[in-house]
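Enquirer: Here are the chains, one letter per residue:
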Amino acid sequence: MNNNLYNKMHKNIYKNLYISALILMAFFASCQNLDIAPTNILTDKDVYNAGGMKAYMAGMYGRLPMEDFNVSDDATHGGFFNWTSIAWEMLSTGENVNNNYTGLYIPAQGYWSEGYQLIRYANKLIEDLPAYVGKLDGAASWIAEAKFIRAYTYFTLVKRYGGVPIINHVQSVDSPLDSLRVARSSQKDCYDFMLSDLDYAIANMPVKSDAGRANKYVAAAFKSRVALFAGSIARYGQLYNYTVDNVMLCGIPADQANNYFQQAWDAAKIVEDGGYALYQGDSNLETNFANVFAKADNSTESVFIRQYNYPNYVHSFDCVYSPPRMATTYGSRFNVTLDWVELFDGLPKDQNTGHLKTTDSQGHYIVYDGPTALFSNAEPRLKGSIMLAGQTYKTLELDIRSGVINENIDPSTPISKFVPDDGVMTTAYASVPWFKNNVLTTTTTVTTQTPMVTSTGVKININGMDGPSNGGTINTLTGFHGRKWLDMTLTPSLTKLNASYQSWIDIRYAEVLLNRAEAALELDQNGVSTYNSNNMKTDAFMCINKIRQRAGANLLSSASDLSTAPAYAKGTASGSFVQAPNRGLQILRIERYKELAFEHKIYWDLCRWFTFDTQIYNYRRRMLCPFLFAKGATLDAAGCPTGKYIYDARVCERANDNLTFSTKYYYSPIPTSQIAVNPLLKQNNQY
Amino acid sequence: MMNKIYYFFTFITLLLCLSSCELDNYSGPNAEISGKILDQDGTPLQLEPGSSNMRIKLEELSWKNSNPTVSISPQYLNVKLDGTYQNTKLFSGTYKITPVEGAFYPYAISGDTTELKGSIVKNFTVVPYLQVSWVAEPTVDNSNYIVASVKFKRNSIAGVTAPNLNNAIFCISTNQYVGNNNYDGQLITGVISVTNSQEGQTLNFKTSRAVKYLHTIYYVRVGICCSDTYKKYNYTDVKTVVVP
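Going line by line, the protein sequences match chains A and B.
Going by my numbering, the first sequence opens with residue 1, and the numbers climb by one from there.
Going by my numbering, the second sequence opens with residue 1001, and the numbers climb by one from there.
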């Protein structure tokens, strides 16, 4: 081998090396640090600033399990956030009934995992934000707001299940499975946890907030509700205490009651300083009460509301709950019972039963002049809460009539009561001989019925255009249509599904006043007549009278009306439908029934008073059937028949179910799917 | 050639499909249980058929095997009117069996488990809240109303507060399954309230109207309930009344 050849080969080797190196370098050209944040995941940096926090908070408020218009029997979101608002728990309390649910409706739709998701979102803020305090304006108050949301969510769980697992930190997904499983805490611990969160919120939140967002006073108002529940459970729930492995999952020791009632009273008292007051903007008390809801966005009474926005975030309340004639579809789910209507003042009532007085001392029907006479003196709050025959709503005059009495019967004829009004008899009208011979009824749909024609040529629809239901069509089952919440500015043709957006009021000042009155009365009757240098009984008296005055109801004459005398037994006096341990509390509870009906409140009240199983026991809802005398009937300006009316109060003809609330429903069952993933969850009693 | 390949692959596929098949080795529901619910004197309780008056709760313990991460969902058996029960389609295993939700003091024998295998008979002794007995058996009076009278005795057990009396119901039906869940609502109007102080006294019952059908047998019994959690009735036995 000569030098030349060697050099040539040597060169070639180097050449190859260079090329290889170049190729290798070309590969590295694409290499750079790939460790960048994923662009589709929000990082702390994106969230922890004013704009980011607003968006984060909006997300949490949107998920807040508020019992609003969109409560339903759809379990997809645990009974929340669904337009089919047909199944509300007011079906079980004697407030309402509808043709879909003539039995009881128990709102146990398994709300659980979405609650814990929201609690996790809140825990994230509570854990991270302390590092930003002092560097980021508002960080301190956002911690408080997150605690409010956490407490609110826990309350939704605890009022259903009793004690639940308390998760107060962000659990890491990398932790061993066993550490992620948390057993249920006692119900008392859960209440104390919520109350301490709310105390923190009250101390650290601003005094003002945007509508729909919490502030110091919202937290205080909510605390009055939470503490009142705790106090009532401690006082009345002892029979249903349930302890597993030394943890009282359901129930609170009785000696804690006064402590919680004091907290409830204190919290309600704080709200007073926030400038909230009962809405009293209209001089007409009926209009005024209706406007509490119609003007929810700009009212001193609205403490905590949820706003909607068309078409992004809507509800269907108007369409589902209006009388069917006043909606494009659905309608007629707002069938308020006579039992509820009878709680109000200004109605003729039988002193011995408290029932509406429809017959005279001989048992003959009292004849009323025109469709409005019976309710002409009714308490304005009632007129603001339900629709009444002969009045115009949504451009239509409400027309309610069960039948027409033959023209050969003079209104002066004494007519004996058709069916006894004892809350038991379900006798069909067709089996009453006099009725069969002298009263015209029809089972045809109201829109196609053939009117009867009187000798003077007046055409009268036998069944009122707005019911009661005659079996031929869906209409009110009780002879009443509700009014509360309905947007009266929506004309019938605009009353469509998913087209309503009036605000829901979750906490209004009236509730806060009633919370305060109840806490005060409970304290007064249990050894604390003076608290924080206030006389408790006088305070309760004052709060109740504020509510009554605004409602146009009869005022309590003195604090001594709130006595510890025995409560009226069922069917013995006005208001005796509502059970209580004594007369003072009965007055208070009736006031809640009247003021807070159809607002998702009464069901939970009956649960915390533990009177549900005795009050809704062999109970049949009652209705009011108006009958018009054909003789002398004429048509009014709106074309509705008017004349002499008689009214028959009785068990609902078409929703006469015998209702009994089973005690197992005081606490809902823990969803079995959750027990399957976390065996530490012990099921509630009776399931 | 193609056909051969095709058959070959079909065969392999079938073979693969079947490879997971084996007989389920868990035996079917081949155990049977039956028995009676007795009171402290050994008399069968008078019940409503089904689950409306009481139920029997079954908790299968074999799978749990003291493992705290396994939770048990109970299953329930219904009962018959005469206080007996029977189920012939249960899985063999170790069960905790308790009569629940009835008008008796809580059945509390902890650690009482039953090995369910083949056909077994298991009776339960409970203490009903009340002993309801006829004073005058039901008859039809001259105007075709059904009348009867009963009295009740309260039972007690140590350490448990006896529940207060609540109400009584006079049940009449044209079939033998008469009770609070099956009665003629035309003949009686609701319940009558009863207080503790009426113990031992005669309670009289009368239908609110004359019976509708003649030449018929009516089945009659009286139930009385207490204000406990369940408000279930303690019954007399069923008597028949022949309307001439």
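Check the hints yourself; a few may be wrong.
Listed next, the in silico DMTMM-like pairs over lysine to aspartate or glutamate satisfying Cα-Cα at most 20 Å (straight line) [unchecked claim]:
{"id": "1", "chain 1": "B", "residue 1": "Lys1057", "chain 2": "B", "residue 2": "Asp1082"}
{"id": "2", "chain 1": "A", "residue 1": "Lys644", "chain 2": "A", "residue 2": "Glu272"}
{"id": "3", "chain 1": "A", "residue 1": "Lys135", "chain 2": "A", "residue 2": "Asp44"}
{"id": "4", "chain 1": "A", "residue 1": "Lys570", "chain 2": "A", "residue 2": "Asp657"}
{"id": "5", "chain 1": "B", "residue 1": "Lys1064", "chain 2": "A", "residue 2": "Asp46"}
{"id": "6", "chain 1": "B", "residue 1": "Lys1096", "chain 2": "B", "residue 2": "Glu1032"}
{"id": "7", "chain 1": "A", "residue 1": "Lys682", "chain 2": "B", "residue 2": "Glu1059"}
{"id": "8", "chain 1": "B", "residue 1": "Lys1064", "chain 2": "A", "residue 2": "Asp245"}
{"id": "9", "chain 1": "A", "residue 1": "Lys631", "chain 2": "A", "residue 2": "Asp350"}
{"id": "10", "chain 1": "B", "residue 1": "Lys1153", "chain 2": "B", "residue 2": "Asp1228"}
{"id": "11", "chain 1": "B", "residue 1": "Lys1096", "chain 2": "A", "residue 2": "Asp422"}
{"id": "12", "chain 1": "A", "residue 1": "Lys135", "chain 2": "A", "residue 2": "Asp245"}
{"id": "13", "chain 1": "A", "residue 1": "Lys188", "chain 2": "A", "residue 2": "Glu272"}
{"id": "14", "chain 1": "A", "residue 1": "Lys417", "chain 2": "A", "residue 2": "Asp369"}
{"id": "15", "chain 1": "A", "residue 1": "Lys159", "chain 2": "A", "residue 2": "Asp73"}
{"id": "16", "chain 1": "B", "residue 1": "Lys1122", "chain 2": "B", "residue 2": "Asp1184"}
{"id": "17", "chain 1": "A", "residue 1": "Lys546", "chain 2": "A", "residue 2": "Glu272"}
{"id": "18", "chain 1": "A", "residue 1": "Lys682", "chain 2": "B", "residue 2": "Glu1060"}
{"id": "19", "chain 1": "B", "residue 1": "Lys1206", "chain 2": "A", "residue 2": "Asp422"}
{"id": "20", "chain 1": "A", "residue 1": "Lys664", "chain 2": "B", "residue 2": "Glu1137"}
{"id": "21", "chain 1": "A", "residue 1": "Lys357", "chain 2": "A", "residue 2": "Asp345"}
{"id": "22", "chain 1": "A", "residue 1": "Lys664", "chain 2": "B", "residue 2": "Asp1082"}
{"id": "23", "chain 1": "B", "residue 1": "Lys1089", "chain 2": "B", "residue 2": "Glu1137"}
{"id": "24", "chain 1": "B", "residue 1": "Lys1231", "chain 2": "A", "residue 2": "Asp657"}
{"id": "25", "chain 1": "A", "residue 1": "Lys159", "chain 2": "A", "residue 2": "Glu67"}
{"id": "26", "chain 1": "B", "residue 1": "Lys1239", "chain 2": "B", "residue 2": "Asp1082"}
{"id": "27", "chain 1": "B", "residue 1": "Lys1117", "chain 2": "B", "residue 2": "Asp1041"}
FRET-style restraints, in silico, Cβ to Cβ [to be verified]:
{"id": "28", "chain 1": "B", "residue 1": "Thr1216", "chain 2": "A", "residue 2": "Ala254", "range": "25 to 33 Å"}
{"id": "29", "chain 1": "B", "residue 1": "Tyr1026", "chain 2": "A", "residue 2": "Asn526", "range": "56 to 64 Å"}
{"id": "30", "chain 1": "B", "residue 1": "Val1127", "chain 2": "A", "residue 2": "Leu440", "range": "23 to 31 Å"}
{"id": "31", "chain 1": "A", "residue 1": "Ala254", "chain 2": "B", "residue 2": "Tyr1076", "range": "56 to 64 Å"}
Not close to chain A: a few residues of chain B, all C-beta gaps over 12 Å, as computed [claimed, not checked]:
{"id": "32", "residue": "Ala1031"}
{"id": "33", "residue": "Asn1142"}
{"id": "34", "residue": "Asn1167"}
{"id": "35", "residue": "Gln1201"}
Keep in mind the hints are simulated off the structure, nothing from the lab.
Owing to the predicted nature of the structure, the values given are computational and were not obtained by experimental measurement.
Don't be surprised by glycine CBs; every beta carbon is placed ideally from N, CA and C.
Enquirer: It remains to establish, for every hint, whether it holds in the given structure.
Expert: Against the structure, the hints:
no. : hint                               : in the structure
1   : Lys1057/B <-> Asp1082/B            : holds (18 Å)
2   : Lys644/A <-> Glu272/A              : violated (49 Å)
3   : Lys135/A <-> Asp44/A               : holds (14 Å)
4   : Lys570/A <-> Asp657/A              : holds (19 Å)
5   : Lys1064/B <-> Asp46/A              : violated (48 Å)
6   : Lys1096/B <-> Glu1032/B            : holds (15 Å)
7   : Lys682/A <-> Glu1059/B             : holds (14 Å)
8   : Lys1064/B <-> Asp245/A             : holds (18 Å)
9   : Lys631/A <-> Asp350/A              : violated (28 Å)
10  : Lys1153/B <-> Asp1228/B            : holds (17 Å)
11  : Lys1096/B <-> Asp422/A             : violated (45 Å)
12  : Lys135/A <-> Asp245/A              : violated (46 Å)
13  : Lys188/A <-> Glu272/A              : violated (28 Å)
14  : Lys417/A <-> Asp369/A              : holds (18 Å)
15  : Lys159/A <-> Asp73/A               : holds (18 Å)
16  : Lys1122/B <-> Asp1184/B            : violated (35 Å)
17  : Lys546/A <-> Glu272/A              : holds (13 Å)
18  : Lys682/A <-> Glu1060/B             : holds (16 Å)
19  : Lys1206/B <-> Asp422/A             : holds (18 Å)
20  : Lys664/A <-> Glu1137/B             : violated (36 Å)
21  : Lys357/A <-> Asp345/A              : holds (13 Å)
22  : Lys664/A <-> Asp1082/B             : violated (26 Å)
23  : Lys1089/B <-> Glu1137/B            : violated (40 Å)
24  : Lys1231/B <-> Asp657/A             : holds (18 Å)
25  : Lys159/A <-> Glu67/A               : holds (12 Å)
26  : Lys1239/B <-> Asp1082/B            : holds (13 Å)
27  : Lys1117/B <-> Asp1041/B            : violated (29 Å)
28  : Thr1216/B <-> Ala254/A: 25 to 33 Å : violated (54 Å)
29  : Tyr1026/B <-> Asn526/A: 56 to 64 Å : holds (58 Å)
30  : Val1127/B <-> Leu440/A: 23 to 31 Å : violated (59 Å)
31  : Ala254/A <-> Tyr1076/B: 56 to 64 Å : violated (32 Å)
32  : Ala1031                            : holds (24 Å)
33  : Asn1142                            : holds (25 Å)
34  : Asn1167                            : violated (8 Å)
35  : Gln1201                            : holds (21 Å)
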